[in-house]
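Peer 1: Spelled out from the first residue to the last, the chains are:
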Amino acid sequence: MLIQIDHGCDRPVYLQIADQVKRDVALGRVAEGDRLPTVRELSSRLVINPNTIAKAYRELEHQGIIITRPGSGSYIAQGSSRLSEAVREKLIREQIDRLMVEAIHMQIDRRQLFGWIDEALAKFKFPEKGAGDGEDRG
Amino acid sequence: MRKLVLMELDRVGLVALLLLTAVGLLMAFAAVTGFYYPWHDSSRPPVGSPEELVVVLLAATVVVPLISTVLGWLQTDYDRRWNLTAYVSTRATTRGRMLAARLIVGGLIIVASIALMVLAVAAMFHAFPRLLPVDATILVAIFVTMLAAALPAYAAGLVMGWSQIGRLRILVLLGLLLVILLAVLMMGSRPRAWITLAVLAVAMIGWLHHRYVHQPL
Amino acid sequence: MAKIVVEAQGLVKFYEGRCVLDGIDLKVPQGCIYGLLGRNGAGKTTLIRILMGQETPTRGQALVLGANSQRLSAAQRGRVGYVAEGHQLVPSWRVGWLVSLCRGLAPRWDERFFGHLVSTFKLPMDRKVKQLSTGMRAQLNLALAMAVEPELLVLDDPTLGLDTAARREFLELAIDVIQRDGRTILFSSHILSDVERIADRVGILVGGRLAVDCPLEALKRRVRKLRLVFAETPPQRLALTDIVRQEVQGREMLLTVADWDEHKQAYLETYGPINCSVVPMSLEDIFLECTSRRTPVAV
Chain A
615 MLIQIDHGCD RPVYLQIADQ VKRDVALGRV AEGDRLPTVR ELSSRLVINP NTIAKAYREL
675 EHQGIIITRP GSGSYIAQGS SRLSEAVREK LIREQIDRLM VEAIHMQIDR RQLFGWIDEA
735 LAKFKFPEKG AGDGEDRG
Chain B
55 MRKLVLMELD RVGLVALLLL TAVGLLMAFA AVTGFYYPWH DSSRPPVGSP EELVVVLLAA
115 TVVVPLISTV LGWLQTDYDR RWNLTAYVST RATTRGRMLA ARLIVGGLII VASIALMVLA
175 VAAMFHAFPR LLPVDATILV AIFVTMLAAA LPAYAAGLVM GWSQIGRLRI LVLLGLLLVI
235 LLAVLMMGSR PRAWITLAVL AVAMIGWLHH RYVHQPL
Chain C
370 MAKIVVEAQG LVKFYEGRCV LDGIDLKVPQ GCIYGLLGRN GAGKTTLIRI LMGQETPTRG
430 QALVLGANSQ RLSAAQRGRV GYVAEGHQLV PSWRVGWLVS LCRGLAPRWD ERFFGHLVST
490 FKLPMDRKVK QLSTGMRAQL NLALAMAVEP ELLVLDDPTL GLDTAARREF LELAIDVIQR
550 DGRTILFSSH ILSDVERIAD RVGILVGGRL AVDCPLEALK RRVRKLRLVF AETPPQRLAL
610 TDIVRQEVQG REMLLTVADW DEHKQAYLET YGPINCSVVP MSLEDIFLEC TSRRTPVAV
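Here the protein sequences line up with chains A, B and C, keeping their order.
The numbering of the first sequence is the working numbering, which starts it at 615 and goes up by one.
The numbering of the second sequence is the working numbering, which starts it at 55 and goes up by one.
The numbering of the third sequence is the working numbering, which starts it at 370 and goes up by one.
Just so you know, these hints were derived from the structure itself, not from any lab.
Only a predicted model underlies this, so the values are computations on that prediction, with no experimental measurement involved.
Treat each hint with caution, since some may be false.
With a straight-line cut-off of 25 Å between C-alpha atoms, the simulated SDA-like cross-links for lysine to any residue are [said to hold, decoys possible]:
no.: 1; chain 1: C; residue 1: Lys491; chain 2: A; residue 2: Arg659
no.: 2; chain 1: A; residue 1: Lys636; chain 2: A; residue 2: Ile617
no.: 3; chain 1: C; residue 1: Lys497; chain 2: B; residue 2: Asn137
no.: 4; chain 1: A; residue 1: Lys704; chain 2: C; residue 2: Glu638
no.: 5; chain 1: A; residue 1: Lys704; chain 2: C; residue 2: Val648
no.: 6; chain 1: C; residue 1: Lys372; chain 2: A; residue 2: Lys704
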């Protein structure tokens, strides 16, 4: 698992780590049940305070992305996040709005945008139906 | 603590050598005197005379303190110049201990040198009882004065080195010290002189202790 | 409640008539990695020297491992590893002699670890300290501080003079020390990316006071810079607290605010800006904003 930290970025380091683990899961680079490196291993490898790594892991566990088994380690969890549907919708819609604003400023038209979204859906192997939602995407 | 003492010894090695050389010279004088003593013919005067010995000892009473001053000065000047205390005091020790180690080493060297001289003279007395029809108490008084003068002189050296005063000022102070020593000697080898000298030594070391322990380095 | 390993209580220091420290209150709990930041001459070294008992404060007191910093015993000093600024050590001594003195004085000494560091850094034992480069002196200084198995490590600009690779080695060392439970580190640095890697908590010294003293990731969350575009001239004064910096150019306003939350967001929107976007700030940016302002705002 390759993790790169951008120190010039405004995003806190622990969130950057969490983001990248989530990205790796979404891109299929790590599978469910895979074991994550221990806090110590990762802290030595990235040369980052172990507390920061621990915080990232706690955040991931809170979001339901990973499961920590005491004495055994941390593993990628099965299934979806624990966040409620309304919250999930809000977070994704916020991202969509941001995307829209940028696209408008750059004068991208509807068709281009749809095309790119379709490609992204394919690249990330988006499921047709998510857990518990009845909405269709695309 | 032991390590600190060893450290100090290492530093002052050179001057210790100086002092002990002076002592060695005295012992050589004693040996030469003995060698030329006319064993068989007691009517002839010996080459080494009691007057000569007393003169040498009196000179030593001035020289030994002056060398003690140099010893003290070397110890603290080296320290200031190379930031010794500044660094070592951050390790697992206190400045009080460092000063104690320094004083122990300096004191031991001075006492050892004087003790060696005493041994040399005692050996001569033992070998040639008729050589020195000098009252033993006079000799004892001379040696005690030597020690009593060496201590404040040593303390003065420590203080001068720590205060980092310039070389010119050092020479002036050494001259002053010389004058004081001669004045004390003229006062005679008396308990009153010894107490004065001891008080001087204690005062200077007290001042040094305060500065040494509290000065930001 | 974690033990407080380093504490400063109302520390004030005047030096030659100038106020260097103007009331410093600081608490570093056990296990915390505290990064002290500040511009040159801000007083970081003075603060650290007072904490180590090398200087006396004009007012206030400092406690290290529970004891008054001005009266640390030899045993207490043995529990602290200190690397002073400049890596002077004792220039005229041979490295081997310095090492044997430190080894002899230390109540605890990890010879294996020290030997490992000596070979990693390739420190020569037979040369005099003054013959070593600054980088090697820094490494020697660090090795001597870490070999005593300290409960507390106090490092004043430890990477000064180290090249990039050596700095990375130092960071790896620091992580190693952090992973040994219960160790506390207080260090000052100019290199913000290093601080960001290893610090839990950050303090920024500005104008003799701790303008900032909070957990590192809280800092990024709470200090926010916004670019606001207004239809006409931007308002002169905003009724907003904790403004660190405010810059106006034409219809655009750059606003840096500490202690950011939704209330402030809502408040800003009442001024009716056309556009409001967040300007990302790295730790370096935050540091620069906090230290360039004349009257600092506490975060």
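Peer 1: Against this structure, judge whether each hint is valid.
Peer 2: Okay, the hints, checked on the actual structure:
no. : hint                : result
1   : C:Lys491 - A:Arg659 : 23 Å, holds
2   : A:Lys636 - A:Ile617 : 11 Å, holds
3   : C:Lys497 - B:Asn137 : 15 Å, holds
4   : A:Lys704 - C:Glu638 : 20 Å, holds
5   : A:Lys704 - C:Val648 : 22 Å, holds
6   : C:Lys372 - A:Lys704 : 42 Å, violated
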